[in-house]
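Both chains are given apart, each in its own frame, so use the hints to dock them into the complex.
Protein chains in written order, with this note's numbering: chain A, 1 to 157; chain B, 158 to 273.
Simulated from the structure, these hints should not be mistaken for lab results. Just so you know, these numbers come straight off a predicted model, no measurement behind them. All C-beta atoms in this analysis are idealised placements derived from N, C-alpha and C, irrespective of residue type, glycine included. Some hints here could point you the wrong way.
Simulated restraints, written as ranges between beta carbons of each label pair [as the list claims (entries may be wrong)]:
#1 A:Ile10 with B:Arg183: 15 to 21 Å
#2 B:Arg241 with A:Leu36: 18 to 24 Å
#3 B:Arg183 with A:Lys44: 20 to 26 Å
#4 A:Arg131 with B:Ala211: 41 to 47 Å
#5 A:Phe9 with B:Leu238: 41 to 47 Å
#6 A:Ala150 with B:Ile182: 48 to 54 Å
#7 A:Leu71 with B:Val168: 22 to 28 Å
#8 B:Ile164 with A:Arg131: 45 to 51 Å
#9 B:Val168 with A:Val75: 42 to 48 Å
Computed footprint of chain B on chain A; a stretch qualifies when at least three of its residues, placed anywhere within it, have a C-beta under 8 Å from a C-beta of chain B [as the list claims (entries may be wrong)]:
#10 8-14
#11 32-39
#12 64-74
#13 77-89
Just a few of them, taken from the derived set where beta-carbon distance is under 10 Å, the chain B residues facing chain A [what the hints assert, rightly or not]:
#14 Leu166
#15 Ala172
#16 Arg180
#17 Gly213
#18 Leu226
#19 Ala242
Spelled out, the chains give:
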Amino acid sequence: MIFAAALPFIASLLLAAGALLLAFAAWGVVILPDALSRQHAATKAGTLALALVCGGAMAAATDAGWVWRLLLVLVFLLATLPIASHLLARAALREETDPAEIDAAPLLGDGIPAASSATAPAPAGARPGSRVLRRLGIALAVLLITLTGAANLGLFS
Amino acid sequence: MIGAAVIVLIVAAIAATALATYRIIRGPTHADRVVALDVFLAAAVALCIAASLASGRTVFLDVAIGLALVGFVATIGWARLIERAPGRGGAAAAREPQSAARAGSAPAPPAGPPDP
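Next up, chain B with everything else stripped away, as it sits in the complex (with noise of 0.2 Å):
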């Protein structure tokens, strides 16, 4: 019963790592592919819990809790390095000028309700 729910599991997490796979090739933002490694990030911790499900060992256990501290470390510092990066338009650097043109000539903003 756990043994098939187990074989569920491993098929499962490969597929994932197969469309995530296919996301990190064809993805048009570097956001995109950050986003299918954290796909690869809960497929490999579900990996980890069904191979110690399937050979009774905690030792993989302990693989799943580095892997996840690992993953959050990694996808932090990806996202602050997209966050910084140049990119199509969106980067802090590349905007520095055009804001301050915007501050100085449009002082308040064009839509929106004013915040509390």
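Next up, chain A with everything else stripped away, as it sits in the complex (with noise of 0.2 Å):
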């Protein structure tokens, strides 16, 4: 009972922090030196912000559609903002670096130095990890489609 009757103040609560961190977010998009750290920025306080929204209308719901919908928003967010990001990630780095830069860099396992020319033999187990995030992705993507199907045929509200 006590919980019921909190809960509006915990979904005014949770969408006010989010709306914060997403005025944050886009504020370090502004203010920070590289892309880099903008994507981090605006990735990983964005994704919290959109988490936090979510939260507090899912709060703030008087039925089970609206939860299951906004559960779905969020697992979407939450799957696909990482990958995506990572993606982006990858193609700043090669966009704002020096390829001697990048070829000289211990830290990049993921087939940065072998993509460069298809002369050097590639390093082992390089190419198949961004082949598995592909799949993932796209396996993630025909999951949420066919979840955002079955939502719009009423089977969750």
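What follows is the structure, encoded as structure tokens:
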């Protein structure tokens, strides 16, 4: 009973926290110095902000259809935003940095030196990582399209 | 209570959109603009949730689901495009001759611990 009475307060608290964090994410995108830092701010803070907003709306919801749809949005964002940001960070790194610097960096195992030329032999296990990632993304997209269709057919409400 | 929180959410999403617009206009590289586009996506999803909370209808939540899907595909597409495009020395196509020459002249990378 007391939890049900406190639910609107929890909802508005989560919504306001998510809103503030979203504004902070955009502020970090403006003030941080280079593309990777900006992406760090936008992805991490933005994902947490959307998760907080979804949680607040779930606490404010009145029936089960709301909660199912918000869970769908939340699961989808939490599953796809890291993959998208990983690919975007790789693209930003290749766009910004010198190729010699990339090849000399010891910490990039994920196919960045291997993709630079077809002549050099790829190190073992470099390409399958990104292939697994791509297949994971495609499988997630198919699963979530199916779930979206089920939600639109009214299965969850 | 919730109405005030929804207003705070709408104001914050509009502020985030304004800041991301600044970054899209000023961004020195294409990756900055795509990052700002991600912020646009987050603000749009937050605005959809705020619209459904304000109007009490679940239609806008379906819009948010579709928006998240389209945003994911769009970000991956832009990332692939940036990766393939000839840019400031990071392009794969522009690097082909250099890396072939490097592979012929200097076979070992200069620094770093050996890969396991």
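Tested hints:
no. : hint                               : result
1   : A:Ile10 with B:Arg183: 15 to 21 Å  : violated, 39 Å
2   : B:Arg241 with A:Leu36: 18 to 24 Å  : holds, 19 Å
3   : B:Arg183 with A:Lys44: 20 to 26 Å  : holds, 22 Å
4   : A:Arg131 with B:Ala211: 41 to 47 Å : holds, 44 Å
5   : A:Phe9 with B:Leu238: 41 to 47 Å   : holds, 45 Å
6   : A:Ala150 with B:Ile182: 48 to 54 Å : violated, 41 Å
7   : A:Leu71 with B:Val168: 22 to 28 Å  : holds, 26 Å
8   : B:Ile164 with A:Arg131: 45 to 51 Å : holds, 46 Å
9   : B:Val168 with A:Val75: 42 to 48 Å  : violated, 27 Å
10  : 8-14                               : holds (count 5)
11  : 32-39                              : holds (count 3)
12  : 64-74                              : holds (count 6)
13  : 77-89                              : holds (count 8)
14  : Leu166                             : holds, 4 Å
15  : Ala172                             : holds, 5 Å
16  : Arg180                             : holds, 5 Å
17  : Gly213                             : holds, 8 Å
18  : Leu226                             : holds, 7 Å
19  : Ala242                             : holds, 8 Å
Of the numbered hints given earlier, the model fails hints 1, 6, 9; all others are met.
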